[in-house]
Each structure stands twice: as C-alpha cells, then as structure tokens.
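Chains as they are written, first to last, in our numbering: chain A, 2 to 278; chain B, 2 to 278.
Everything labelled a hint here was simulated from the structure, so no lab data went into it. Keep in mind that a hint or two might mislead.
Identical chains share a label here; the pair holds if one copy fits it or two copies do between them.
[What the hints assert, rightly or not] Only pairs whose alpha carbons sit at most 30 Å apart, straight line, appear in this in silico DSS-like list of lysine-lysine:
id : residue 1 : residue 2
1  : 46        : 28
2  : 28        : 129
3  : 28        : 139
4  : 110       : 45
5  : 255       : 46
6  : 203       : 129
Protein chains: 2
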Amino acid sequence: MNANQLFNNIKKKKSFLCVGLDTDPEKIPHHLLEYEHPVFEFNKKIIDATVPYAIAYKPNLAFYESLAIEGWLSLQLTVHYIRTCYPDVFIIADAKRSDIGNTSKMYAKAFFQEINFDAITVAPYMGKDSVEPFLMFKDKWAILLALTSNEGAEDFQYIMEDASGLFLFENVLKISRDWGTADNMMYVVGATQADHFEAIRKIVPDHFLLVPGIGAQGGSLEEVAEFGLNHQCGLIVNSSRDIIYADQSEEFAKASEDKAKNIQMIMMNILKKKGLI
Amino acid sequence: MNANQLFNNIKKKKSFLCVGLDTDPEKIPHHLLEYEHPVFEFNKKIIDATVPYAIAYKPNLAFYESLAIEGWLSLQLTVHYIRTCYPDVFIIADAKRSDIGNTSKMYAKAFFQEINFDAITVAPYMGKDSVEPFLMFKDKWAILLALTSNEGAEDFQYIMEDASGLFLFENVLKISRDWGTADNMMYVVGATQADHFEAIRKIVPDHFLLVPGIGAQGGSLEEVAEFGLNHQCGLIVNSSRDIIYADQSEEFAKASEDKAKNIQMIMMNILKKKGLI
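Kindly generate the complete structure, drawing on both the sequences and the hints.
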C-alpha cells in the first residue's frame, strides 16, 4: 500500500484510527480460553467489530512471542484473517526491530514475506544500514522510532547535539528522512509529546506519523491533530488497551466497537474541520 | 548465571568465545535439509563440536523468525538442547528488543520464561523503563547496545552532546550503568570500534562487554583484548559466520571445531598474558 491508497482509505472511513492488538490471554474474556486459539479468536472478534472505524491494526509482537509457538501461530492467523476479509486494512508489525544489514534483511523477510505485514516499526540506534533492508520491498514500510510516548524517552531522545543544536529525535528525523521516501517511511511520535509536533512537522512535513499514547498512556487526540495533520492526513493514531479491553463480558466486542466508533467520530470532525474530507 | 560463575567458566575453558548461531537454511550443508528440523540439526552439530572452546552461544532471532513457526521451534529445541547437555553454557538471545515497560515485560517473559535464555540484547533508544523489565529476573541479563559494529553506528552513536561533551554511546553507558549492576547488565561494543575500548572501560570498568564483529566484519581480537579486558575478563567475544559456515561438506562440524579451537588458543594466550589464568 502506498501513501495515496492509505489516504484514500482514511477518507473512505473518515478515520485515521489504528487498533493495537496487544492481546494478552490473561486479559481477554475468560470464555474465549475454551477455543483452540484464544488469542486469534479474540482478535477476530475485535477486528470484526472495529473495522468500520479503523484503517489499521497493529499487533504488538511481544505479546505473541511471550506465547512462543502458539503466539506465532495466532499472529499468522490474525494477519491472514485481516488480509482475506478486509484487504484494504493496513497491518503494522509493532516489533521495533533493527540490526546489522545482514540481520535486518532476515527480519524484513520474516515480517514482509513469511507474514504479509504492510509495515514494521524499527529502532534507529544502529543507523542507515540497519533500516535500509526494510525499504527494499515494494509497497512496504519501515516506521522509525523518533520520539516515543514513554517516560524513558527523556533519557536519550532529548540529548542535544553540539554542532546542530538539535535534539537526538530531531537528528533521527533529519538524518533518516532521505533514506527512503514518504511512500515507504513513517515515524513513531508519541501522543504524549504533543508540544513537539510542530517542530517535527517542519522536519518531515510529508511523512505519515504513527502516534501511540492516546488512551491508557494519557495523550490527547485533539492536540496531536492540531499540529500533526498534513495535506494527506499524515497521521495514524493508535489505541490499544482502551479499545480492546473495554469490557470483559461475552459482549466485549460491542464495547470495543463503541470505543472505536467514539474515536472515529472525533476523527471525522477533525478531518472535516481541516477540509480533508 | 552471575558474573562470578561466568568468569569461572571462562577460566575453566580458557576461552571467552561466544558462537553466534545465525543459522540460515540456505547456507547450511545440503544433506541436513533431509532432517525434520534442519536448523536445529545443524545447531546441535555445531554446538557439540565447538562447546569445548566456547562459553556462550548466541542465536540471532532474525534468522529463526524468518522461518516463522519452524524457526521458533528450532530455537526452542536449540536452547533446550544446550540447557540439557551443557548446563554451564551462557545463552544469549540476540534479539535487540525494547519497548514501553508494559511491552518489554512481555519480551522478558518470552525470552527468560517461555525460552530459558540467560540474556537478551536490548536497544537503548527508549530509555530506562524500556530496559528495566529485563532486569527483574534473578541471574538473567540485559545486554544494552552501546557502540555497534556496523557502518550505521556513525549515524547517531557518535552524535556529541552539547552539555557533557560525550558521544551518544558514551551517554548510553554513563546514564544506564546505574539501572542495574555488573551482575545483570552488559554492553554490546563492536570489535570494529577498538579505538574506543579504552574510553569505554573508563565509564564501565566492571561490566562485561559482548563484542561482535571479529571475523566476517573485520574486527581484531588482539586489539579488543588489549583495551577491553578487566579483572574478571569482562569480555565475551562473538564469532558467527566465520565459525559456523567454515565448511559446506558433511564434515562441516569438524571445520567449525577447528575454527573455534584456533580462536580459543589465541584467547588462552591473551588470558595468560594478562595473568587471568
């Protein structure tokens, strides 16, 4: 999927919502544990309920890897299910990988070929040759961490460079933006960092930003939209726990649907106000 | 395993060699493809042949994930095999993970509980709360990337901070060294960065360093040892491709054994010269 197609899907659904599938067997409704693949069963119901309001899904790899083989199988089933039933949906592997080129190439193979993800989140610390292998696949994306939503973002991401006067996260944006294009690279910018969206948009005006941190982590959708939107929307805003664990009863999917619908309504108003739909 | 036990194993084997299991079905001897689990079969033979000369093994997760379920199974079989047959061996998941605390906790569960690794490599970009969950397990280790062996290390790791006059990799060492202890944290420092070992040892005199980059990547063992050794050896030097792909015939394991033995002989001399054995 390229940026135009993504923007078309955003206009069609009047939404730039991504639902994070941080699926933990200890947190899903108890009755699902009777199924052969409880995590997949949960995901399927969440996806069916929320897909009118979401343009993307983002399985968080840690949750699947913590279940070893069964987790990997649930992940494959989930991606295959989305691909088959909802081919327009953008699927992000939230994996935060990266390694020397030879190894990143194997990760790209894992996530783009073995499992048919559209995008993978990538850590920037190891530099260009650790990111490039993810940019070699047509219509696939690397989503580089820039400014993350957690407290630890302050440990290194705000270190200021002597020569340029830029924070590390600004250097990551500035140095990496030419490694690919606005059609195969995005950046992670946490919703809890709304103060910096204006500065970030000056460095990467055209790139999509993947924005975690609304909901459980406390970021504000309105503030993010105020400074983050661009001419193609340019935002994919993620919510995980707030949507998928909205309710613990057998009617859990309905509660998730309501949560997603609420966010989509706000997003629709934001898009209208900005003249994007 | 704690640092003392690790040093004891180093003294016993007169070696600080780690063998990297970057096992790729396209590169292993062809006759192994007839087995049910070719990657595991290859690893088993490599381990049996090299274990007198190696104190650690380091499966590289990307290679296993690129094979999806079969890869994950081979990884589990490999770790279980080492644990059962060679309980003194230190096993490192070269996974370069890290995420917000809630997610890192799941990665820690995946690698320390679901699979019984001793250590996992961790990327520093997201800061303290992304690393801490890996430090909560007794006798388990987080190995934080400091200065990597690849060309892209220059993109961000050498960015110099205004206030401190330190490179980013020095800041990573300095800021993170108090998150854990020299008994549950190590650092990755590439062998291709030998010039910096002296400065690094000033910041982290007591920590073990995991050193990739000798062999295929061109780093020098002697140079690394010259400035990297400390009172407990403090080095685990990794070689992957040079050892495991030394030969393609049915006698491949013998060639790997010879390679590992050669390196161990050099290491023995280094340890003797420094009075550590």
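Output the numbers, in ascending order, of every earlier hint that fails for this structure. Of the numbered hints, all hold.
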